[in-house]
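Take the sequences, apply the hints, and build the full model.
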Amino acid sequence: MVRLLKDYDHTRNSRYQSQLRSDMQSIENGLNDQENQLKAHKTAQTAHTSEQIDHGGYSVANRIKNLYSRFANLVLNPDGTSIKEVVDIRVAMDGSIHPTAKDRLDYDYNKITDLIQWVSVKDYGALGDGETDDTAAIQSALDARLSASKMHFVRFPPGTYKMTTSLRVDSNTYLWMDGATVGRFSQHNATLFVLYRDGVVTSGYSGVSNVIFDGGTIEGNSHLYTGGFTLLTAPHASNIMIKNVTFKNVRDNHAIDLPGSKDVYIKNCFFLGQETSDSRFFAEAIQLDTTKSGSYGTIDSGNLDGTVTKNVTVENCYFGASREMGAFHAGVGSHSAVTGKFYENIKVINNTFEGMRYYSVKPMKWRGVVVSGNRFLNTYGGVYVAPIPDGQLYDLGGTKVTYETGSDVVINANTFENMGEKAIYVLGRKEIYQRDVTISNNIVSGTADGKKGIFIRYADGVNISNHQSKNTGSQAIYAEFSKNISTSGGEVKTTKTDGIKLNAVKQANINNVSIQDTGTHGIMTHGGCSGIDLKYNKITDPSQSSAGGFDGIYMSNDTTDSSLIANKIRSSKKAPRRGIWVTATCDNIVAFGNDTRCRAVEADSYRNSATNKIETSGNV
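Numbering (numbering that gives the first Met the number 0), first residue to last: 0 to 619.
In short, the hints are calculated from the structure, not lab data. Please note that a few of the clues may not be correct.
[Unchecked claim] Only pairs whose alpha carbons sit at most 30 angstroms apart, straight line, appear in this in silico DSBU-like list of lysine-lysine:
#1 346 to 266
#2 573 to 450
#3 450 to 567
The structure presented is a predicted model; accordingly, all values stated were derived computationally and were not measured.
As structure tokens, this is what we get:
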């Protein structure tokens, strides 16, 4: 609501003019706003709904429904001949009336076929017998489009189609392959499906667009043939959907390579079987890539403009082994980078990764990331938020530049079972930290001996909440050389070493965490930590690897400016050395309300030897 001043200054001066101008401006703005709303109302397709328009005391919606019911009654009411229904079926989708029902059906069919173009690869000579080279026939079917602007539907009837070189797929193509296998059945190393044309130079995201792969199997047979091999690549592409496809048996490379693409949706797919050389241990099933020299070598040099991939969703897919080859080393990730550019808006949700031999998901220089609802089963590692390696710290001209890292990563509601390495690994560089990582509602059930559940190094702003962990081969949560680390809620059970350990961490809090059955300390700080707040934690049965050897909470090695508030330590198994021990190397430690009645071996279950300590008698 606009309220005008109305009572102006009595003297005609600059103040009076300012008041008058302000009111006139408000009136002008109001009139302009009304005019704009009226124009928008006149041109809007839904200015009013049929429920809002009155007609003879009824809404238009009511009258339309009434008339429709009456017409339906006239058409369907039995009259002994059903002739009315036959007459009614002569009305086409656009409302035109035709002499006969067949004329109407032919009319609508032609209108639909004008919108889409269906061809079968067998109409162009493909046999699908697994022995005949069907490459040329399938390429002819892919090229047999009537219009570049209309969707071109290419059907692969059930069968096995042998490829001896790459198939080029253009924009506006739907490949329906349900029941078909398209693959390599002789020695060659050409990528099977490529979404670009040789010699066509594209930049940014101006390449092939609007392509759908639906169903079928794309078979690499890399257990039978030698050399690196990729199944599908889409550089500079946009609006790509890949669904219900099985990708099998790759060597050294990827099932899907996405260099500089955007708006890609991969769902309900299987990624089965990969072998790599020792130097390619990081090769992903789905690689999010850049278009730069050395990143994807088969693109024409004119395409190498440094475009990075963004807006990718991988959902409801399975990554694992095939009958012929072991599981992919990595599931979804990146291992190349361009200065000043980031992989953005990446979602990896509700997938299963089983038996992966490297980290299953590897966000490297990703920004705006969600990894959620996934299952990681018997894999080497889970999620690795990775730094840029030295070899990628260059611009397109080859000049070494400033360090960069990703940010805004959410790792939520995943389950990790029987991990060979870390379940979640957040690693920055000494020169620049990983930033803004949220780790919430995850469940870790088992890591190998000596392996941590969550490992954080060189990070700034990591928030861990409601984390559930059991049976880790080392600490459940470990952070070092980092700052602004928060852990709240959740439960830690049965660790080989400490429950939670901080080393050289600045500004961290551990609040309201339940920690049970730790091999060594429940919580430990050392290495010059500062600004550490431990509040309302309950630690039960620490020091289970050695009675009297470790403590519920152990602050040591120059921990400073920290606090211990209302923590509770209990023990019913092997007794700890102390409930809480703050060593003499620590300084400025505030402690109150802590309860260390835990059957400790030492008489002073609570011991604060810090200099400049502040404590109350509430510590017991």
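A quick look at each hint next to the structure:
1. 346 to 266: 11 angstroms, holds
2. 573 to 450: 24 angstroms, holds
3. 450 to 567: Holds, because 27 angstroms separates the two Cα atoms, which is no more than 30 angstroms.
The structure fails none of the hints (numbered hints given earlier).
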